[in-house]
Structure formats: structure tokens, C-alpha cells
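Q: Take the sequences, apply the hints, and build the full model.
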Amino acid sequence: MMRPLLAAAGALAALALAAPQAQAACSELPLERTFLPWHDLAFYQEAPDSGFEAGGSWTLAGDAAVVDGNQPYFAGSKSLELPPGASATTAPICVTVEHPTIRFFARNTGSTLAPLTVTVQFKTLLGLPAELPVGEIVGGAQWQPTAPLLLLGNLLSNEVRFRFTPAPGSEWQIDDVYVDPYSKG
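One point on numbering: in numbering that gives the first Met the number 0, the residue at position 2 of the sequence shown is 1, and numbering is uninterrupted.
Any given hint could turn out to be false.
[Stated by the list, open to error] For lysine to aspartate or glutamate, the following DMTMM-like pairs were computed, each having C-alpha atoms within a straight-line distance of at most 20 Å:
no.	residue 1	residue 2
1	77	62
2	77	52
3	77	48
4	77	170
[Stated by the list, open to error] Cβ pair distances, simulated, as ranges:
no.	residue 1	residue 2	range
5	47	71	21 to 27 Å
6	129	76	31 to 37 Å
7	75	32	17 to 23 Å
8	62	40	36 to 42 Å
9	74	123	34 to 40 Å
10	55	29	17 to 23 Å
11	149	128	20 to 26 Å
12	111	68	18 to 24 Å
13	71	123	26 to 32 Å
14	36	127	36 to 42 Å
15	40	61	33 to 39 Å
16	35	61	32 to 38 Å
17	128	35	34 to 40 Å
The hints are simulated quantities; they were obtained by calculation from the structure and are not laboratory data. Backbone N, C-alpha and C define an ideal beta-carbon position, used for all residues, glycine too.
A: Laid out in C-alpha cells, this is it:
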């Protein structure tokens with residue numbers, strides 16, 4: 000099962016490197032060293048409604064819901080609850096090959112071995128929809144920043160969406176999703 004995914008990712012990456020880039024430039028957004036307290040020197044930009052304070056810009060499925068409660072590190076009062084069978088997809092995010100990682104805050108009050116899967120959705124150079132795995136995270140009941148997750152879909156498209164899907168046995172909450180646009184650090 001893993002070999003076909005790796006082969007597909009490799010093929011898409013090779014296509015992106017061989018094909019001319021037809022990406023439009025992304026507008027510049029404010030950058031901050033969001034994860035500096037965790038020794039991450041990279042500059043990040045916030046994904047649309049990543050703190051879930053505005054509500055409504057993400058596509059929620061299953062029992063995914065914006066709930067009261069926030070990670071304790073930054074201001075806010077909302078987060079996204081993802082029980083098993085749910086999923087949540089970000090609004091479109093403009094990225095380029097200079098946007099190599101995504102990072103966010105998460106906690107799992109269910110089984111610590113039940114991961115949260117993150118995928119990136121994009122259109123290929125031929126305009127076809129595609130989705131690639133970004134990574135899986137595991138975590139405990141305390142809010143923590145995730146490790147940076149490397150992107151591949153940004154090689155092929157400047158507009159992507161991220162989808163978050165919890166495994167059975169998990170009870171995930173996520174908050175404050177960020178993209179590292181320049182990988183400085």
C-alpha cells in the first residue's frame with residue numbers, strides 16, 4: 000500500500016520538475032516566528048481562519064465542529080473538534096515551492112496511538128484534482144505544536160487545501176494552522 004503512494008508522489012514530483020511552472024505569485028501575508036518558543040526559527044503565515052474564530056471558511060464533514068476552547072499558547076476561544084469519522088478541509092491556501100511545511104497545534108484525548116492524517120489537495124498541471132499524504136501525527140491529551148510536515152502538492156499548484164482526518168479511536172482537536180512560506184531558519 001505504501002509503495003504505490005510513494006511511486007505516485009515521486010511521479011508527480013518528477014512531472015512538476017520537468018514541466019514549466021505556470022504558478023501565479025501568492026500575495027504576501029504577514030509573517031511571524033510563530034513557533035519560536037519551541038525553537039523553530041522559521042517564519043510562518045496563518046492559514047485562512049486557522050484559529051476558527053471567524054467560523055465558516057473550512058469544509059467540515061462527519062461530526063467535525065468548531066467548539067469552545069483554544070490551545071493555551073495564543074489568544075482565541077475556539078478550536079476544531081475532529082472525532083472519528085469526521086474530516087475538515089481548509090479554505091484554499093496560496094503556496095509555492097517556497098512553502099515547504101505546514102504546522103499547527105493539536106491534542107488527542109482518545110487513543111494516543113490513533114493518528115491524525117493530513118493530506119494536501121491540489122490540481123495537477125493538467126487541471127486534474129489530486130490528493131497526496133502530507134503526514135500522520137500522534138499526540139496526547141495536552142495541546143502541543145506538531146512537528147513541521149513537508150508538502151509535495153505545492154510543487155504542482157499554487158492553490159492547495161489541507162484535509163485533516165482522524166483515525167478510529169481518536170478524539171482530535173486542532174487549532175492555529177500555519178504554513179512556512181520561506182523555510183527561513
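Q: Go ahead and decide if the range 36 to 42 Å is satisfied by the Cβ distance of residue 36 to residue 127.
A: Holds: the Cβ-Cβ distance is about 41 Å, inside 36 to 42 Å.
Q: Using the beta carbons of residue 128 and residue 35, state whether their distance is inside 34 to 40 Å or not.
A: 36 Å, holds
Q: Note whether the CB distance of residue 75 and residue 32 lies within 17 to 23 Å or breaks it.
A: 18 Å, holds
Q: Quick check: does the Cβ-Cβ distance between residue 129 and residue 76 fall within 31 to 37 Å?
A: 36 Å, holds
Q: Does the hinted range 32 to 38 Å hold for residue 35 and residue 61 at CB?
A: 35 Å, holds
Q: Lying within 18 to 24 Å: is that true of the beta-carbon distance residue 111 to residue 68?
A: The hinted range 18 to 24 Å holds for residue 111 and residue 68, with Cβ atoms some 19 Å apart.
Q: Does residue 77 pair with residue 62 here, judged by a C-alpha cut-off of 20 Å?
A: 16 Å, holds
Q: Per the hint of 26 to 32 Å, is the separation of the Cβ atoms of residue 71 and residue 123 within bounds?
A: Given a distance of about 40 Å, which is not inside 26 to 32 Å, the answer is violated.
Q: Given the hint of 33 to 39 Å, is the C-beta distance from residue 40 to residue 61 inside that range or not?
A: 37 Å, holds
Q: I want to verify a distance hint. Is the separation of the beta carbons of residue 55 and residue 29 within 17 to 23 Å?
A: 22 Å, holds
Q: Given the hinted pair residue 77 and residue 52, is their alpha-carbon gap at most 20 Å?
A: The hint holds at about 6 Å.
Q: Has the hinted range 36 to 42 Å been met by the Cβ atoms of residue 62 and residue 40?
A: For residue 62 and residue 40 the Cβ distance comes to about 37 Å; the hint holds.
The structure fails hint 13 only (numbered hints given earlier).
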